[in-house]
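Asks: Given next are the chains, with one letter for each unit.
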Amino acid sequence: MATATKIKQMGQPPAIQSPEAVTSDEEFRKLLVTPVSRGYGKTDQPVTVPHQALLGFVRDGRLRVYSPIRVKFTQEGQHIIAEAVEFNEFGFGENVSEALTDVQHAIVELYFTLEKEQERLGGDLQNVWGKLQKMIHVR
Amino acid sequence: MTIKAHEFDHLVAKLELKTRNSKDLLAWFEVDGKIITRTRRSKGSRDLPMQHSIRQQLKLNEQQMKKALGCTLTRNAYIDILRTKGLL
Chain A
82 MATATKIKQM
92 GQPPAIQSPE
102 AVTSDEEFRK
112 LLVTPVSRGY
122 GKTDQPVTVP
132 HQALLGFVRD
142 GRLRVYSPIR
152 VKFTQEGQHI
162 IAEAVEFNEF
172 GFGENVSEAL
182 TDVQHAIVEL
192 YFTLEKEQER
202 LGGDLQNVWG
212 KLQKMIHVR
Chain B
13 MTIKAHEFDH
23 LVAKLELKTR
33 NSKDLLAWFE
43 VDGKIITRTR
53 RSKGSRDLPM
63 QHSIRQQLKL
73 NEQQMKKALG
83 CTLTRNAYID
93 ILRTKGLL
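Chains as they are written, first to last, in our numbering: chain A, 82 to 220; chain B, 13 to 100.
Bound conformation, chain A alone (with noise of 0.2 Å):
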């Protein structure tokens, strides 16, 4: 039976079906992964950096993205930044791979603190509780 059927039956809303946004490792691969290196090979090359980016899922299987997560990026010094705008989140690293692979692990981080704090939450941390909740569910 195919994964996307039972899915339905169990009475979980559809897998996000935008086509911007990265759903796999290999998708993933496929963004911009221009080093910002230091010392030994080092490159003068331009970085190109995009503006932004759809991720669709967060490296952890425990978690499935539902609804595709906005990651803006700026670059800051030999630093790209990795903003999940909806919950005010950040990743950084040398190129926009390790940003956000680091952006996705707070991510998670995020998810199972909150959920896990729920009753203690003030309000705006229950906003982005209620965000992550709606975007990202549990397997």
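Some hints here could point you the wrong way.
[Unchecked claim] Derived lysine-lysine pairs resembling PhoX-like cross-links, with alpha carbons at most 20 Å apart:
(1) A:Lys197 with B:Lys35
(2) B:Lys46 with A:Lys197
(3) A:Lys197 with A:Lys212
(4) B:Lys55 with B:Lys16
(5) A:Lys197 with B:Lys26
(6) B:Lys79 with B:Lys26
(7) A:Lys212 with B:Lys71
Rather than coming from a laboratory, the hints here were simulated on the basis of the structure. None of these values were measured; they are calculated from a predicted model.
Go by the hints and put chain B onto chain A.
Replies: Here is chain B on its own, set in the frame of chain A:
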């Protein structure tokens, strides 16, 4: 703009943020048992390029962040800031 790991740690100590070690150092600010703000810093990085991001997570403006990093922002003053912003 970068923030040094030790500056982050001073800020955490000064504002009395609670912390937990994970892959990163997670820090959150509690008032009366409620978690109001939270942030994190990567371990192993001396210079963190996310001062702006950490400032946003702590709900501080640039001036207030300067004070926080200069250790002149007290916990009570921070509570006042959060109250002014309607977060408490």
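Asks: If a hint holds in the structure, say so; if it doesn't, say that too.
Replies: Consistency of the hints with the structure:
1. Restraint check: the Cα-Cα separation between Lys197 of chain A and Lys35 of chain B comes to about 17 Å, which is no more than 20 Å; the hinted pair holds.
2. With a C-alpha separation of about 13 Å, the suggested pair Lys46 of chain B and Lys197 of chain A falls inside the 20 Å cut-off, and the hint holds.
3. For the suggested pair Lys197 of chain A and Lys212 of chain A, the alpha carbons sit about 16 Å apart, so the restraint of at most 20 Å is met.
4. About 11 Å separates the Cα atoms of Lys55 of chain B and Lys16 of chain B, which keeps this hinted pair within 20 Å; it holds.
5. Straight-line distance between C-alpha atoms of Lys197 of chain A and Lys26 of chain B comes to about 26 Å, which puts the hinted pair past the 20 Å bound.
6. Restraint check: the Cα-Cα separation between Lys79 of chain B and Lys26 of chain B comes to about 11 Å, which is no more than 20 Å; the hinted pair holds.
7. Proximity of Lys212 of chain A to Lys71 of chain B is assessed by CA-CA distance (about 19 Å); at most 20 Å being required, the pair is judged to hold.
Of the numbered hints given earlier, the model fails hint 5 alone.
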